[in-house]
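*Asks:* One letter stands for each residue in the lines below.
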Amino acid sequence: MNNIENSVILVVDDDHDIVNAISALLEREGYSIRKAYNGLEAVDALMREDIQLILIDIMMPKMDGLSAMMKIRTMKNIPIIVLSAKSEDSDKILGLSMGADDYITKPYNPMELVARVQSNLRRYLSLGAADSVKKSSVLRIGGLSLDRDEKQIYIDGEPVKLTATEYKITELLMENAGRVFSAEEIYSRVWNEDSYSVENTVMVHIRHIREKIEINPAEPRYLKVVWGIGYKISRE
Amino acid sequence: MLRSKATRIIAGAIACGMVFVCGAKLANTCIESEKLYDEIEGLSAYNKGSEMGELHHKLLMAGYMYVNHLDENGNYKGTEYAEKQTVEILKKLGLMNAMGELDIDGGDFEYRVSYGDGEFSNTDKSHDELSSKYSMFHRDGCLIYNKYAPNNYIYDMVNWFTTDYGMTYYYINGMGYAIFDFDTEGCDSYVDELGATIYYKLDGTTPIPYDYVDLSQYMVTEDEQTHSYDENDIENYEDTIVEVTDIAETEHAAISAEDAESPTVGNDIPDNAVSVTVTAEESGDETSAVVEEVAETVTNADNEIVTENTERETVTEIVEPETEPQTEMATLPNVDNESFTKTQMSEADIMITICPGDSIISDFEKADQLEQEADEYVARGLVDLIPYGVIAVVLSLYVIIAGGYSKKEKKFVPTAADRVFAELYIGAGIAAAIGGIYWFDSIEYLAEFFNKYYPTYVFCILVGAVVAAVFGIILLALNTLVIRLKCRTLLKTSITGRILMLLWGMAKKLWKVLKKSAVKTYKNLSAVKADFLKNMATREMLKNDKFTRNFLFRTGIFAVLMIICSFICCLIANDKGIMFISGLIFGIVLLAGFEYLSLGDFKALKRMNEHISAVKSGDYTPRKEEVGSPIYAATERINEISTSIQQTVEKQVKSERMKIELVTNVSHDLKTPLTSIISYIDLLSDEELPPAARDYVTIIEEKSQRLKTMVADLFDLAKATSRTDVQTEEIDAVVLTRQVLGDLADKIELSGRTLKSDIQAESAHINADGKKMYRVFQNVIDNALKYSMEGTRVYLTLKNENGICSIIVKNIASYEMTFSPDEITERFTRGDEARSTEGNGLGLSIAKSFTEACGGSFRVDIDGDVFAAIIEMPVI
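Protein sequences appear in the order of chains A and B. According to our numbering, numbering within the first sequence proceeds without interruption in unit steps and concludes at 337. According to our numbering, numbering within the second sequence proceeds without interruption in unit steps and concludes at 2248.
Simulated from the structure, these hints should not be mistaken for lab results. Certain hints may be false.
Straight-line alpha carbon distances no greater than 30 Å define the calculated DSS-like cross-link-like pairs of lysine-lysine that follow [to be verified]: (1) K325(A) to K2119(B); (2) K193(A) to K2143(B); (3) K313(A) to K2128(B); (4) K2171(B) to K325(A); (5) K1895(B) to K1858(B).
From a predicted model like this one, the values you see are computed outputs, not experimental measurements.
Generate coordinates for the entire structure from the input sequences, incorporating the hints supplied.
*Replies:* In structure tokens form, the structure reads like this:
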């Protein structure tokens, strides 16, 4: 089985400087890098080599990222992270729905990029085995899983330390994934007390949870604030 | 003191009291004087008056009928027939004794009557000798008599005339007497309505009487329309009349019928009393109808002088037979009635003097004296009243002049009583006056009644009280009216005044309107004229304005139809009811037609209105109108306008899209090199570097981060301005605010400032994009934290009032704010000109753009060092 550290990552971008920069960044973390400068090359490289993760730009000559992604998806099940200057929601949704596992906007934070790459690799490599051992007590949403027996939450297989309250909130939201909870509801169900002006309390907890389970809390993947209404963990 | 109300009230009361005294005294005087007058009436002289009158009347008759015809020696001048008849009548009237001499008993009086040469008297005294203070004179048709004399005497009409065929007719006390110069033996006769037997001859020497002609006529026609005494009788005895054929017999029958059936007349004129003679010698060719013309006798009602102003006049009346003589009338002689004349005699020539005899003259004198005394008594009584009257008048004048003065306000002030309608007071005053007058009308009976049962003073007090009451009411009414005049409230406080004021106001308004419209019309006319001369714009307008054209056309048609209908109405209607109904029907039909046609116009207007509303709400689909429609042109124009609006909007949308595309591309192009920069800086920072180089790297890293944010912000701003990518949903501003506060709790804590939130609403539901609003809040709070003075507090207030949710974030600036509220929301404007702090100056611009994109408003208030960001969202 491939070790995460020995994973081969394909970086695809028409900008050579960016490819080089990312390569340097990831090589520093111990990954092997393959480079491609357009969609066709990427597909080519993929066919030739054993690659565990792809970082791909969307706007590229010859074959753009989206087309390449569709092609890749017909062959391989490896994680694909889109790396694009297109930062609008519609772009992100499009990218994710075309088969991307993650979406990072340019200019990216190098640390975040590394974290995401690691997170995706981990999920792909180590959690893939865990898939077979399906526990009924485990709730799973994307890379986020919750083990009721252990009262433990894992992000891409990595355990996260949460307080009891934080755990309860996360559990409530995960059990009802996709549903929006108001602060009052969360409070009354988690604290088992009548609520009054608890927005702040709940919000602070939410923020703490987010800081713990999200790679970039400002752009949460799992725990989302529906501004002016409440909170939810979206079903992927 | 004179000005106080109390004084006025006392003065008014005293005036009333004075009037009371006056009334009582007057009543007393009247009662007392009445007693004196009663005494006079009790005197015999007082009653002698009627005797005197009767005597005068007798003398007058005797004078006219007999003395008139006497010569100097006392012999009768006329024919023996006339004398005989006169004597008969005088005997019947009791003026002549059986001897055929005048015999009139003068009683206590001496008299003399003379007419022409004739004279008759019961004394030797001449007219002048008989003249005394108490005598009665008849001179030149005038009667002058002592004031006591004719108390019960009615001066009857005495009147006479002569004819030129020998008849003299007297009219005395409502009775007629005819005396004829000729022998009436064998003459036809009839009795006229005054009871005189009129003889006539059919040979033409006397006129054929009116009634003769009528008689024969009525025998045939039996016309019931008659006022004649005889005719009526004949009507009643129609059977008798019809049987007789001889005219004379008919006449007899008529007379007998009259005698039998008219007791009133019959009694007065016994058949034998009037002898009728027909004189053959006086017969002439001409026949005349004598029409009685009774001279108007003017009887003066004055107790002292009766003037009978009768002039001698000659009247010739023409009387034509009303119908052609009938078959029986063939025997009538041809008499020209018109040729006879009658002469109205005057009584001016008669001279009568009646003087009370020595035996009763003292009585007269006594009565005179008594009366003088009574008059003096009354006069004295009246004079006695003067001081009281004067006092009453003076006090009343004072009350009226000083009335209404208020010492407190130093001016005339109307009291509550002066605000009641003035008509009430005027009515009361008039009613009191009229009531008083009526009451005094029957005072005699009242006096009689009261004096019968009570002592005199009771009645006096009663009269005084009534007079005082009437006076008081009138004084009150006058007082209040004068007060109103003084305070100029008379018009306001009277119904009439109000109506007048109303009418005046209306008239004024009308005048104003008329004046205005006249001026306007003049101006308009001149303007129209100028326009017309300039470019014929008016005509052009009229040509294009189908509404006006329609209206004028319809009005014209309507007017023409109205005229035609009016004519038809007049033609078909022969009475007012039909005219009214047909007019009404025509009117209704025409009006209905007019309305129906107008309704079409209004519908067109409505369609146009709808069209405009549709355009306003963004529906630019062109509409179609028929070419003949009055709004055809307007609709076409609206279509043009909406098309151009649509094109403009499309263009704008397109340009917006292009702008966004541009910004997207630019930001993409910016982001790519920025990505490299950031990446390499990250790599560089891991390298072994000299300390100085490491510092440089840190600075570059910082700046590149800022550049990154700035690019992102710019992009966001551009998108917000174009309002694309806004996903509104119903959110609760209160929840949002709390979420933001929770989210930013750490940051706030870190900043060292305290944020005091005051959320004054349970909830505030707004339609907005939650993410965008989060950004707005974030920016505003960030801004407040960033630029507020160290150690101060930031205040956040949320209100939900009047359908607006407002969120106000206030802070005290750490620097002097020299910018205007508008400037700060401009892009890249930063409050601190030194730009010492982090930030790119886009925060508030983004907040403003995002708020506006969500349908709210964002503004900034600067008050000294207090900076306030105000977000307002409409609540749903």
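*Asks:* Hint by hint, work out which the structure violates, then give me just those numbers in ascending order.
*Replies:* 5
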